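Novice: Protein chains in written order, with the working numbering: chain A, 1 to 279; chain B, 1001 to 1247.
Treat the hints as calculated values from the structure; they're not laboratory data.
Quantities reported herein were computed from a predicted structural model and do not represent experimental measurements.
For every residue, glycine included, the Cβ atom is placed at its ideal position computed from N, Cα and C.
A couple of the hints might just be wrong.
[Said to hold, decoys possible] Capping the alpha-carbon separation at 30 Å, the derived lysine-lysine pairs in DSSO-like fashion look like this:
| id | chain 1 | residue 1 | chain 2 | residue 2 |
| --- | --- | --- | --- | --- |
| 1 | A | K14 | A | K231 |
| 2 | A | K115 | B | K1130 |
| 3 | A | K116 | A | K132 |
| 4 | A | K265 | A | K215 |
| 5 | A | K157 | B | K1222 |
| 6 | A | K157 | B | K1022 |
[What the hints assert, rightly or not] Only part of the chain B face toward chain A is listed, based on derived beta-carbon distances under 8 Å:
| id | residue |
| --- | --- |
| 7 | E1024 |
| 8 | Q1118 |
| 9 | D1120 |
| 10 | A1121 |
| 11 | E1123 |
| 12 | I1127 |
| 13 | T1129 |
| 14 | S1172 |
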Amino acid sequence: MIELLNIKKGFGDKEILKDVTATMAAGKINLIIGSSGSGKTVLMKCIVGLIEVDSGKVLYSGQDFTAMDNHQRKEIRKEIGMLFQGSALFDSMTVEQNVMFPLDMFSSERLRDKKKRVQEVLDRVNLNEAGKKFPAEISGGMKKRVGIARAIVLNPKYLFCDEPNSGLDPQTSLVIDKLIKELTVEYNITTVMNTHDMNTVMESGDHIVYMFEGKKQWEGNNEEIIFSKDKRLNDFIFASEFLQDAKEMRQMEVFKDKNWRDKLKASNDQLDADREEKR
Amino acid sequence: MEFKFFYHFGKYVLMLKGMFTKPENIRMYWKEFMQQCNDIGVGSTGIVFIISLFMGGVTTLQTAYQLVSPIIPKATIAQVVRDTIILEFAPTLTCVILAGVVGSKIASELGNMRVSEQIDAQEIMGINTKGYLLAPKILAALLTIPCLVMIAGFLGIWGGKMAGQLAGIISSEEFTQGLRQEFKAYNVFFALSKSVTFAFIISSVPAYYGYNVQGGALEIGKAGTTAVVVSCVLILFADYALTAILL
Ligand SMILES: Nc1ncnc2c1ncn2[C@@H]1O[C@H](COP(=O)(O)OP(=O)(O)OP(=O)(O)O)[C@@H](O)[C@H]1O
Ligand SMILES: [Mg+2]
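The following block holds chain B by itself, in its conformation from the complex (with noise of 0.2 Å):
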């Protein structure tokens, strides 16, 4: 198990450091990222957006449940949401989940293209296909989700915001009230540093996993789901050690 690990990490790393070379044609390198850009970022807002919303309503009917105190001000729980949501339910769920969604997709993709011997096609004319397939991918996930984390805050406080409304908890005044309590701009700043970690995670695991099937679809399918466990679990590891970090 300690020596696949470090096989496997090895790879890894080597697989990262072979993407760096000087791109044959800087504008189709260009032309895929873009892609990959609209690939990663645009093709998940949708799933972004429901589970934003749920999570923030979510959020607030908890919260509220959990503080019935008549001597706390009801404005409280606005902040509560506020920070659970930037702290960890916006760069965390929303990355766990879009592992599965991104993950799978850049993971059955590259297998796919390395069973057909498409990856092999490229190598043959002269392409470094880790630059050209894995770099823009990377890039693009790095770009991408931060953004798509910060719709999901934004989109989370404005469901909590919302569903504490339908429910009659809390008005939407002393809710904004509530949001402007002892507002840190740090905790935006580690959000964002999670969001990066965890689009890096989210990429280049399943890149890995992708660029390396051996065999056939059976094989693509594996690697598929190995690459979103192994994201998964590492998105949680990291999650722990930057909080320890950097909070």
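Extracted from the complex, chain A is given alone in its bound form (with noise of 0.2 Å):
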């Protein structure tokens, strides 16, 4: 679990960050979303301390981060792996190179032992072929699985994602979202993500916070989130037209349950078996 408590962060005499006071639950999918420019990468820079805030304190697991020094931060990093909006994969390195740096930094075990481990992690994010290239030499998306594969190589307890669906399609950003779902359930991580995917968030998100121009709005869960009657987040949330049909949906009968997701898939579920029994 991570906390934050009461964090505060400006640069020069723009506040950023005001007063930010929230929960990262462990072992699920933690979500900070956000329109662009509300603080997002700043708030996720300050957990993992590559900002330093100007007041507030960040606990993992109790312990308090901000107070430790460079020595005793090294070892959380250990077990934080985190993937940058913009990959920041090693350029003068292949994919393979890439994912094998963390081992070679941190791990004691044999070369073949590490080799094989590298290719567990690039088959586990389907980039097998890829392992020979150059970052310079693959697409956007296939960055993002390297640097994926690259933060999980050595099990890390915490993973940070820095919306690791921007500038993709929709197809292949759901596929990265599901790749996160797994590897946190499978791993048991505790994984932050910041996001304003909307599919990302009614998918994967277990714990959401909404952040508006530096201030904490809102926090729940994907359930909650459609319902909520916060006027900002709505505003959000429903801000494509598509979406605000949901918007009117919710009025409607089924989504007043509860346990609306269950019912529709079961409906959806029985509606399918229906059609194969007619074929």
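Hints in hand, dock the two standalone chains.
Specialist: Below is the structure:
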């Protein structure tokens, strides 16, 4: 569990984070959502210590990260994997070497075992054929997947993803979401993810923090989010016309039920089954 | 201006201090050091060859042009060429050129890593990036640049001899004889002290500017230019200071 207590951060005289308090649930996908410029990246960098907070605390399983010196932070950071908004792959190294790098630095395993582990994670993100290529030679979606592979190669306890599906087509974006979701469950990782993609929000939002102009505006999960009465949050999630329909939909009887997801799924399955039978 | 100077100087000293921590993995640091020796040292030999040959040649021709009196023996030309090259041209000229070659390379490499968040990515892994990225570069420069300066010295003198022969100014025997007149080993020590100092400037100043780039591609370019200019000026300052102190 990661706790943020009264985080404040400004650059010059511009206040970016204004007293953010939130909790990131252990073993779950925690989303930080909000429009562009609302301070998501800054907040995430404050959590991992790439930006020093002006005041406030970040606690990792109760340990005060903000008060630690570099040496103590290193210990926590060994348990952190991070995917950057621009992937941040080392461009002088091949895909394999990129994923191998954390192992080379921190693992005392034999070369053969390390190579096996690299192959394993590259398989996991479906990239085994691109191992010998350089970052400049692969697509944006592949870069993100390499970034994920590199972040999980040391079995982290915490995974941070800054907009894992920005700039990707909807399909690839789904693949990445699914991958992160599976990894989170598989290895029981505490995942923190920045996004403004509503698909991701509905699909993986175990716990959601909505940021508005540097403040936490709302906190909850993907079941609650579409029923929220918060005006700003509504403006954000129902920004597209397509989703406006969803806004009206929630007035419908079905959605009044707390278990609408399961019900909807059950009725869909029923329809499929009926169709099968007819054939 | 003054305020800025102290700001940068303080930050620079803190950066240097930050390099001294226990390496996370000594083998990776060694690998990086070897890589940098190759990039900085071996990578610059070509340009050092060319400039030192021509520098020697030009020195001989100009010295001969200035020493026209018939009472001065021709061997003196070689003696003057030798001392000029060892004392000034091999260390200073070579290092000013290397400030351009090596300095801009270091600044742009680190700047690019900073801007594309590669430095942050390593920091997150728990690596002390000052130690891992900067120290091997500085150490590699401290080792290879004095070697390059020695090569430049030898080649410069050889180039001077060749130019003397080609132009028919001084024969090979006279030149060799001149080289042996009043040779002071202290001058070589002086040249090496200078080159070590310059090597430190050439590597650490661009490392500072590259490591602290903020912004995008444009800022990387600016950092490279500033790094080279500042290194060159500092080399000339240091040259004067060392000459005043050591000679
Ligand atoms: N290093 C910095 N110096 C000064 N201002 C900064 C810095 N980093 C971020 N900001 C400012 O902080 C604000 C929030 O930026 P941030 O990158 O966190 O937005 P974001 O929510 O991640 O947006 P996006 O969805 O576009 O990535 C912006 O107004 C930005 O200008
Ligand atoms: Mg961002």
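Novice: Now tell me if each hint is right for this structure.
Specialist: Structure-based check of each hint:
For the hint linking K14/A to K231/A, the alpha-carbon distance of about 25 Å falls within 30 Å, and the restraint holds. For the suggested pair K115/A and K1130/B, the alpha carbons sit about 28 Å apart, so the restraint of at most 30 Å is met. With a CA separation close to 15 Å, the supplied pair K116/A and K132/A stays within the 30 Å bound. Taking the CA atoms of K265/A and K215/A, the gap is near 35 Å; set against the 30 Å cutoff, the hint is violated.
Between K157/A and K1222/B the alpha-carbon distance is near 40 Å, which puts this suggested pair outside the 30 Å criterion. Using a Cα cut-off of 30 Å, the hinted pair K157/A and K1022/B holds, with the two alpha carbons roughly 25 Å apart. Satisfaction of the interface hint for E1024/B is found here, the shortest Cβ-Cβ separation to chain A being roughly 6 Å, below the 8 Å cut-off. Below 8 Å, beta-carbon pairs count as interface contacts, and Q1118/B has one with chain A at about 5 Å; its hint therefore holds.
The restraint placing D1120/B at the interface with chain A holds, with a minimum CB-CB distance near 5 Å, inside the 8 Å limit. Using the Cβ-Cβ criterion of 8 Å, the hint placing A1121/B at the interface with chain A is satisfied: the shortest such distance is roughly 4 Å. Because the smallest distance between the Cβ of E1123/B and any Cβ of chain A comes to about 6 Å, under 8 Å, the interface hint for this residue holds. Annotation: I1127/B was flagged as interfacial toward chain A, and the flag holds, the nearest CB pair being 6 Å apart, inside 8 Å.
Checking T1129/B against chain A: minimum C-beta separation of about 11 Å lies over 8 Å; hint violated. Interface restraint check: S1172/B against chain A, minimum CB-CB distance 47 Å, threshold 8 Å, status violated.
The structure shown violates the earlier hints numbered 4, 5, 13 and 14.
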